[in-house]
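Relying on the hints, combine the two individually framed chains into one complex.
If you want the building blocks of each chain, they are given just below.
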Amino acid sequence: MMIILRRFFGLSLLAALVGLSGCATTGGTPGDPLEGYNRAMFGFNDGLDRAIIKPLASGYKTVMPEFARTGVTNFFANLGDLWIGVNNILQGKVGAGASDFGRFAMNTTVGILGLFDVASNAGLEKHNEDFGQTLGRWGVGSGAYVVLPILGPSDVRDGLSRLVVDWHGDPLWYVGNIPTRNELIGVRAVSDRAGLLDVSRMAEEAALDHYAYVRDAYLQRRRSLIHDGDGPSEANPPKTSDTGESKDTAARAGNELPPAQITTQWGERIVTSADEELTPAKEFSEAQAQPVAARQDTSGVTGSVYEPRIPFNYEALLAVSGELRTELARTSPRP
Amino acid sequence: MKLFFALCFFLFAVAVSAQDLAPDAQVKKITNEVIEIIKRDKDIQAGNQKKINELVDAKVLPHFNFSRMTALAVGRNWPKASADQQKILTGEFRTLLVRTYSSALSTYKNQVIEFKPLRAAAADTDVMVRTQVKQAGTEPISIDYGMEKTPGGWKVYDVVVGGVSLVTNYRETFNAEIRDGGVDGLIKSLESKNRSLETPAGSKPK
Numbered sequence: 001m002m003i004i005l006r007r008f009f010g011l012s013l014l015a016a017l018v019g020l021s022g023c024a025t026t027g028g029t030p031g032d033p034l035e036g037y038n039r040a041m042f043g044f045n046d047g048l049d050r051a052i053i054k055p056l057a058s059g060y061k062t063v064m065p066e067f068a069r070t071g072v073t074n075f076f077a078n079l080g081d082l083w084i085g086v087n088n089i090l091q092g093k094v095g096a097g098a099s100d101f102g103r104f105a106m107n108t109t110v111g112i113l114g115l116f117d118v119a120s121n122a123g124l125e126k127h128n129e130d131f132g133q134t135l136g137r138w139g140v141g142s143g144a145y146v147v148l149p150i151l152g153p154s155d156v157r158d159g160l161s162r163l164v165v166d167w168h169g170d171p172l173w174y175v176g177n178i179p180t181r182n183e184l185i186g187v188r189a190v191s192d193r194a195g196l197l198d199v200s201r202m203a204e205e206a207a208l209d210h211y212a213y214v215r216d217a218y219l220q221r222r223r224s225l226i227h228d229g230d231g232p233s234e235a236n237p238p239k240t241s242d243t244g245e246s247k248d249t250a251a252r253a254g255n256e257l258p259p260a261q262i263t264t265q266w267g268e269r270i271v272t273s274a275d276e277e278l279t280p281a282k283e284f285s286e287a288q289a290q291p292v293a294a295r296q297d298t299s300g301v302t303g304s305v306y307e308p309r310i311p312f313n314y315e316a317l318l319a320v321s322g323e324l325r326t327e328l329a330r331t332s333p334r335p
Numbered sequence: 001m002k003l004f005f006a007l008c009f010f011l012f013a014v015a016v017s018a019q020d021l022a023p024d025a026q027v028k029k030i031t032n033e034v035i036e037i038i039k040r041d042k043d044i045q046a047g048n049q050k051k052i053n054e055l056v057d058a059k060v061l062p063h064f065n066f067s068r069m070t071a072l073a074v075g076r077n078w079p080k081a082s083a084d085q086q087k088i089l090t091g092e093f094r095t096l097l098v099r100t101y102s103s104a105l106s107t108y109k110n111q112v113i114e115f116k117p118l119r120a121a122a123a124d125t126d127v128m129v130r131t132q133v134k135q136a137g138t139e140p141i142s143i144d145y146g147m148e149k150t151p152g153g154w155k156v157y158d159v160v161v162g163g164v165s166l167v168t169n170y171r172e173t174f175n176a177e178i179r180d181g182g183v184d185g186l187i188k189s190l191e192s193k194n195r196s197l198e199t200p201a202g203s204k205p206k
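Chains as they are written, first to last, in my numbering: chain A, 1 to 335; chain B, 1 to 206.
None of these hints come from the bench; they were simulated from the model.
All C-beta atoms in this analysis are idealised placements derived from N, C-alpha and C, irrespective of residue type, glycine included.
One or more of the hints may lead you astray.
Pairs of lysine to aspartate or glutamate, EDC-like flavour, derived with a Cα cap of 16 Å [claimed, not checked]:
| # | chain 1 | residue 1 | chain 2 | residue 2 |
| --- | --- | --- | --- | --- |
| 1 | B | K109 | A | D198 |
| 2 | B | K59 | B | D84 |
| 3 | B | K134 | B | E114 |
| 4 | B | K193 | A | E204 |
| 5 | B | K188 | A | D209 |
| 6 | B | K109 | B | E54 |
| 7 | B | K149 | B | D124 |
| 8 | B | K134 | A | E125 |
| 9 | B | K193 | A | D209 |
| 10 | B | K193 | A | E205 |
| 11 | B | K109 | B | D57 |
| 12 | B | K188 | B | D84 |
Okay, the calculated bits of chain B under chain A, using three or more residues with CB under 8 Å as the criterion [as the list claims (entries may be wrong)]:
| # | stretch |
| --- | --- |
| 13 | 101 to 112 |
| 14 | 137 to 144 |
| 15 | 156 to 165 |
| 16 | 188 to 197 |
Excised from the complex, chain B in its bound form (with noise of 0.2 Å):
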């Protein structure tokens, strides 16, 4: 019996941390969760590419929607792919955007981020979460996180630093790779710019 009291509160508890948590708690959340493990861990400090890897993995990923931080990237050409290109062009787009978040989190040195009060109303399904990365002697840098709210609970599509979102800044590039290369194009210059990440990072030493 007390198991199975156990096993309800359990269940409880995961159903609220997905799903009922308001947008802006969440991202402190998961910022002060990844921050704490940076803190204690020298080697992800150090660099090292596996475990932030893992950690991104772990405990960011989940709450990222790449299908549409692809579609938003692609822009008006999005609806010239097939189901299959996008869903391509999805994993070769998440495969540069997670290495470029896990090379921003290994620059991370105890700048204090401040987390801004939420402008939005009850019912909205699309906020943007507003933080702010402190450090003395430089203004301080904003990274913004535009949220929205899916049946899985609230999902990051866009991630905005200083004023830059991250995925609408390839849009003018991926237009350009369209119109000359077709959406296979993109794809083929996607896959290329990944491997060419991967060969470096593989033959050093983790």
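So here's chain A without its partners, still in its complex pose (with noise of 0.2 Å):
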């Protein structure tokens, strides 16, 4: 049964990925050009999860008492802790890494079988990683948003991960009996969900749009992870020469100079960097190689500089385009 559902999600998104940017045009927001199939999608999924996932959740919420649920998710956040621990050293993070195992070492002894989380109150702290992350910090961009069935917000990037590589790092695919197997990965699914509940309801609340709100979300979490959210800029990612800028201009702006000026002021701005830093998934992509420039940009202007924590090939792209990064320097407008 998961097999044949697995083979389905695969074919979806190959579905997604291939078939469907055929009718990109279906979508009006430039960051998301499979809007059209993602809509659907979420749609689908929105059904699934009111019909079935969310009762569940609720139910188990209801009937569970608080110390139970804690239990179960410590239990599975303690198995998915060796992964984490894999794509940390993957990404070079050897100490969140050591960390990671040390965890796994003392959850599954002292807290027997990982259903107490000791190892936070001793100070280790529970990171969240994953291979897309992992191939994120490499410098791989995370192509187009992808909604996938059932697993919901994804992108090209992370759904293949998702669906090629991370479940082998999952230890409950390796549980030998199918039958028992298949009821934790639904325990897990179910106890994921009702840990998610209150962010869920807030989510749609807030949002106008909810598929969007979701969207967006998500590409600003995902942004905010692969740099494990460190660094003054991650809040608004690679745009923060523009952004950050603009803001201040406004700010300034808003203090001191009468309203006609503000719009302009604001206007001129945002204007000039309006198309390249609004859609998400282009931003994302160009993260690589806007820093370089964007340093040297800033680094006389304000006094916290954007320093981006960027993985190995870092030093070899610089190695390589030496020349490029002088050349971008000193092309680059001086704001």
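Written out as structure tokens, the structure reads:
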């Protein structure tokens, strides 16, 4: 059953990637070429969620006392730490990876098979990693935003990582007894959904357009995760050099200038960088290239310089494109 | 005479608390105050919307700059809106954001909030104040506040949860609304969204 399901995911994804790129014009949003398909799949997932998954999760939350739910969450989270550790090491974060394996060792023994997260209390924080983030760290662009059947929001890079690679690192898939394995996976899905009930309700309340809200939140969230939410500008990632500037200008204008000038100030700043700046997918795929130029740009101007944490290939990139970099520095406009 | 001194001291204290607190100290102070109130108040923990709104109105909202938030969310289309439209947009967006924020507050359950050291120069007028919500079993979730210095003290213009800006997350949607129906179209959408959220909450017994 699961195998069939997985094939189904794989096929749908392929269909999404290959077939539907043909009808890419259906959507009006520049950063979302598959919008037509995505909205349909989002609607399907939402219907499925309302009909089956959410009621199950709500029931689970009502029936199970909180400490039991925490135990279940911890149990699965503990198994997940192994793959998280592998990915941290793949990203060159050996210390974080070692901490993840330490967590697993400690929680499996002292924490009784992972039911208690004693490692967090001992100062070993849980991390959030997967193969999609590892690829992102290595410099692979996200590709178009894709809503996967059942699994929900994703993009080409993360979706392929999830379907092709991540499940190999998931201990549950190695449980020998197939019915038991499937039950475990089912329980984990319900437990995960139960943990998201509040968040999903809030997102629904907050959104004007539920689909777009979830999409943009997913894209922002993944971008932040790839950089582990670090660095002064992760909040508004690579576009910082542009938007950060314009925000400054607007703020100063707001305090000091008459209204008529605010709009011009703001407008000029925004419009110059508008189109590249406002498409999330493109923005993201250019993340590697931008800091090199942006750095030269901002260093003299603002107090906090955007120092992105870029993977290994950064040094190589610098070496190879040394000339290009100086070229960029010379040609990039001074603000 | 005593009264005069007391008054002077009081005025001084008010001025200091509003103006001279560093942005990170301000976030810490307000967060701790709000958490203390939530911890003490069983009604708020049970989700009493009226009480939550009162708390947010009194403690949180004075420190938010909603016109800047709205400008940030609308982005490049902001100058296309007339002054009146900007005012209406700000009001409606404020209602929507406050509701989300209040809703998030009511889910608070004894998580530990950690305040990270501020990375900014003394002369900076635009900073990101970083906090983390810690909870055993899951990775810590960051809540960061984009803050700017105004004549009235430091004001929050962006709230970023787990890397997701609650403000700029609206930008694509707002762009699409303005593309399809102009600024008035966006205003209409926001109004009907806010009304649709009011109805179920209003009909519920408080």
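Original post:
Looking at the structure, which of the earlier hints fail to hold?
Top reply: Failing hints, ascending: 2, 6 and 11.
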